Structure formats: C-alpha cells, structure tokens
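Model the full structure from these sequences, guided by the hints.
Protein chains: 2
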Amino acid sequence: MPTIKDVAERSGVSVATVSRIMNNRGAISEKTRIKVHKAMKDLNYQPNEMARSLQRSKSHIIGLIMPLIDYAFFSKLADSIEETCHERGYKLMLCKSGNHQERELEMVSMLHANKVDGILICSRVGDASIYTKYDLPIVSIDRDIEKVPSVTSDNYHGGILAAQVLINARCKAPLIFGGEVPEYMEMDLRFKGFRDECAKKNVKSLELFVKDCDSYQEKLFTEFISFVGKNPQVDGVFVTGDMIAAKLLCLEKIEKFIKNIPVVGFDGIEISELLGISTVAQPIQEMGECAVDLLIRKVEGKMVPERSILPVKLIERKSTLRFRHE
Amino acid sequence: MPTIKDVAERSGVSVATVSRIMNNRGAISEKTRIKVHKAMKDLNYQPNEMARSLQRSKSHIIGLIMPLIDYAFFSKLADSIEETCHERGYKLMLCKSGNHQERELEMVSMLHANKVDGILICSRVGDASIYTKYDLPIVSIDRDIEKVPSVTSDNYHGGILAAQVLINARCKAPLIFGGEVPEYMEMDLRFKGFRDECAKKNVKSLELFVKDCDSYQEKLFTEFISFVGKNPQVDGVFVTGDMIAAKLLCLEKIEKFIKNIPVVGFDGIEISELLGISTVAQPIQEMGECAVDLLIRKVEGKMVPERSILPVKLIERKSTLRFRHE
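So the protein sequences, as listed, match chains A and B. Quick note on the numbering used here: the first sequence kicks off at 12 and runs consecutively. Quick note on the numbering used here: the second sequence kicks off at 12 and runs consecutively.
Just so you know, these hints were derived from the structure itself, not from any lab. Heads up, some of the hints might be wrong.
It does not matter which identical chain is used: a pair holds within one copy or between any two.
Said to hold, decoys possible - Straight-line alpha carbon distances no greater than 30 Å define the calculated DSS-like cross-link-like pairs of lysine-lysine that follow:
id : residue 1 : residue 2
1  : K212      : K42
2  : K267      : K329
3  : K158      : K49
4  : K313      : K52
5  : K211      : K329
6  : K126      : K211
7  : K324      : K215
8  : K258      : K324
Being a predicted model, the structure only gives us computed values, none of them experimental.
Below, the structure is given as structure tokens:
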C-alpha cells in the first residue's frame, strides 16, 4: 500500500507539502496541488484517515463531551447536536467532563472503546495536542486545537461589537468583567477584540478577571463590588457571559450603580432576552449543526476545513439602548 | 424451565397473584407471599425479566429520551443522569423526541436496536401502555405509566404548598396559570393539590390553561393579560413552571399588576432564584439519580418499586414573602 512518502517522491515535493494539501492548509500553488493529486491517483493512494474510516465498521454513534450540560449555552448546543445527529442517522452518546481534565481524557478513551465513529469535544484540557494522536475523527467546538478541525464563533469580532455598543452608549471607561479563563480558550479573543476596538477609539478600558471561580460563585460578585468601589470611573460593563450579566443586573446590593450604566453580555441565551440585556449572540444552533456535519464528513473520509468560524451578531436591548436614546 | 404458571399451580394461587408479588404491587398477605416465594425457590424459578437480563450480554449503555434538552428542568435532569451513569460505569445515549409521539417511538426502537441495557423515558405519547410490551428495562421519569416503574416528584403535595403560600400571602382569588397539559401528565396533580387545598381553606381559585401553546409562545401571555382584564379579582398566581413565572414577571405590559400580587412557580430552576421568585422545587438531581439507580437494578434483574415519589420543597422568596410581611 502506497504511503504519503511515495506520493511525495513521485510528485517531487516534500511530505509536508503533501500533508498540507491533504489537510487543505497553507498556501499551495495550483500547479503543485494538481501534481500531487495526480500522483495520489496514479499510486491509488488513500490518506490514512480515509483508509482507516473505510476499514472501520461504522457504529453510527457520535460521542459528545461537554464540561457541563445544565448551562444554557451547552444545553442549547447539545439540543442542536442531537437534532442534527438524528437527521443524519446518527446516535449521540453524551458525556460530561465536569471541567476535569482527567475525566475528559477518560471519556475519550471510553468513547473510543465503545466504537463511536467520532467525537465532538468542548475540551478543557491544558494540552489538547493529545487529540491529534487519536485514531478517531475528532472535531473541537468552541476551541482551536492544532491539527484538529474546530467550530467556533467569531469571538474576536464579538469583542469588537461589545466595545462598539458601549462606546456608542457614551462609555469613557468600560470594564471587561468575568471569571479568569485559560489563555488557550477562545474566550480570550473576545477580550482582545474589545481591547483593540477601545484602543482604536481612544477609550481606556479596564479589566477584572476573577481567579479561581466559576460563574456560579459569590466571589465573582464580591470582587466586582470591591473593584467598582475602587474604580468609580467605570461607566459601562462588558460581561463575558449572559448568565453572569443577568446575575449582576439582579444584584440588589449594587442595583443603583449597575442599572445606571450600560451592560452588554455574550452568548445570546434566553435569559438575556428575558431581562432585556444587550448581548453578542453566538449562533449556537448553527455551531452544533456545523460540528456534526464536519465530523460526519471526517468519518466518511472526506476533507474538512481546519477552522470553521461562524459569525456573531449584536442584539441590542434596553441594557444599552436606553443610554443611546437619552 | 419453570414458568409463572408452574409457580402459581404449586403455590395454589392465581398467576395474577404471583405477578403482583413479583412486581411488588397490590395488597398481598404475608402468608401468600411466603408460600409463593417458597414455590419459586422450590422450582428454581427465575422471573422472565431476570432470565432475560441474565441472557442478554450487557452493553452498559443507557438510553435517555427527553422531549427537549434546552429547558433547565431537562438539562439539569440530563446532567444528573449523565453523572450517575458515569459513577455506575454506564454510558448515556441521549435522544430528544421534540414532543413528537412518532419520534419518541422511533427513538425507543432505535435504542433497542442499538442494544442499550435499558431506557429512561420522559414520555409524551398518549398511550404509553406500549412500553409494557418492550423486552427491555424501562423507567419512566415525571410520569406514571402502568406496569412501568416511575420516578416523579410529589406533584400533588407541591400543589398544596403553592396554595398555602398564596393563601398565607392573603390571596382570596388565586389563579392557576399555565399551558394546557394532557390529563395523563403528572403536572395535573399539581392543579389537583392546589384546588383541594383552596377548597379546604374556603378560597375560591380560578384557572387559566392556555390551549395549543408551548411555554415559549406569546399566546400564553396575551391570554393571561386578557384573562386578568376580565377577572380583576385575581390577587395571586400559581404558575405551572418557573420559566413561565419568570417571563410573566418580566412582562412590561402588566408590570404594575403582576408585581403587586404574590406569584409562586414550580420546578426550582435557577431563574427563580435569580429573580426572587418563590417556587415549589422538585429534587431534579435526586430524580435523575433515583431513575438511573432503578434502571440499573432492573437491568440486573432485581425487583424495583413501581412508584418512586420524591418530596418537593417550598422555597419562599420575595415574590410572595413581601406580601406576608406587609
């Protein structure tokens, strides 16, 4: 059976170039691409992934690993993924990692042992490069992992939109507020987009990322109260998730403060609509559909894009609108 | 291999009696019970269920069918079920029926074909007696189905608690409000409990069940507004679910009306805490744990109770409290 090395030799290019063409990555001239594809055809070469998936007998089961299920972003995503799996004739095996790295890895092994055709993962492990080693199609959701196809929303642009809506509501000292997230999480791009847009508009933004807390902890809010006490110039808040934004707006202790400045959230979950909170909405349903589609294409041995970035959308509601119409 | 008929003949009772003893149902004298158990032992009789589960090779996969995933009651339930399955060494296959009867039945067949060890179901089919015919352990959640073990919360007592909290807040004309539900749903018991408690306290309750709507539809609220317009005596509301209660309390159109009367919800999901809504909390996590435990026991061929009814708890918050402290 011909190898990638044989293809490289026959077409007179490096193995790396053949690999880039197979994975649809990097700038490759059309001439080289045609030459390599011809060599593949002549040698009757099948990429490993395809060979593997052709050999493997299909279970038509897809595994899904999420940090938790009972948070609206994830339950909506799971709903969409289940629906799409059903439409495509696949079953869904659902696993929760509880944000524990070890459990996440255990889940992957378990799903592998259970002969799922592929895995959708919202990974929280520090070094996710481990997923490139698995002999199993994997698609990452909400996070980029090198050499693993991913589906994310445009977090960077979302950050820009959040900055714009606060600046349009006349903020001079907007605050980014949320729990601290590891650098490898896509969420980081939201903050970058926000900072860049503020800098562009000559607005000096502030930041408060609370350590060692998840979104449900009291600590997040006590630190917020303390921070705005010390920084009374804060005149607008970009909260990194809708649920935290909702809790912030329902805090009786700082009701007078928080209800008199514009607030924008992120996610686009139902609570933001209910409480009239402006938000940068992620296309959660489409993210689920796209992820399942990519995974099934990988299972079928087809080539898939390495990065699928879906657009976000600003939904303005009274939490910012009323400050523009003053 | 001895049959149930052989056991009945040997112990001198009817097949129905043996069946009742096996399923732990109905009033049976201790004497009869001992006699039948002795006959079972003498004949080395194994109930079908047990025989079947011993024959069947285990997949250690449990199927879960829910009407939807992205509603807090269900996502919290799914979270708990996944967690418990994991602890017990089982995997979870998650299916959504979308409230469609046909799809629910299709899901059951699919799970059966995929050799799950058993199914947890939140059934929405009209005639659920179909589930007694399956050669597969099934446990029903949030609904009683004859001859199928079920896990529910104490909806009737929940209705009583809801009535009490409104009556304690001095309501003379409390309204039960929600979408119409089929009679076979456990939710009906909430209303019964509410009515019974009102009658006991000589309070005349009103009712509004909106037809052909799900909890997300506008119709629910336009009919509410119209109803209270025609029935201005309404001075308190028992809403059949926390999410509807939250939406009602956030309706700007009737803000003045709804914020000046006590409101109590049902479920105990996060939104009620966030908005300070009193609620009858279901033990959602424990319901999930209990359901998995029962199903695994059935899979292992053990006898399980037909009905497991878990207690509910009233959580009082400002939506009713401030009317008591006036």
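Now the hints, each set against the structure:
no., hint, in the structure
1, K212 <-> K42, "neither (44 Å within a copy, 87 Å between copies)"
2, K267 <-> K329, "both (16 Å within a copy, 19 Å between copies)"
3, K158 <-> K49, "within (24 Å within a copy, 65 Å between copies)"
4, K313 <-> K52, "within (15 Å within a copy, 59 Å between copies)"
5, K211 <-> K329, "within (26 Å within a copy, 45 Å between copies)"
6, K126 <-> K211, "neither (51 Å within a copy, 59 Å between copies)"
7, K324 <-> K215, "within (24 Å within a copy, 49 Å between copies)"
8, K258 <-> K324, "both (22 Å within a copy, 24 Å between copies)"
This entry does not satisfy hints 1, 6, going by the numbered hints stated previously.
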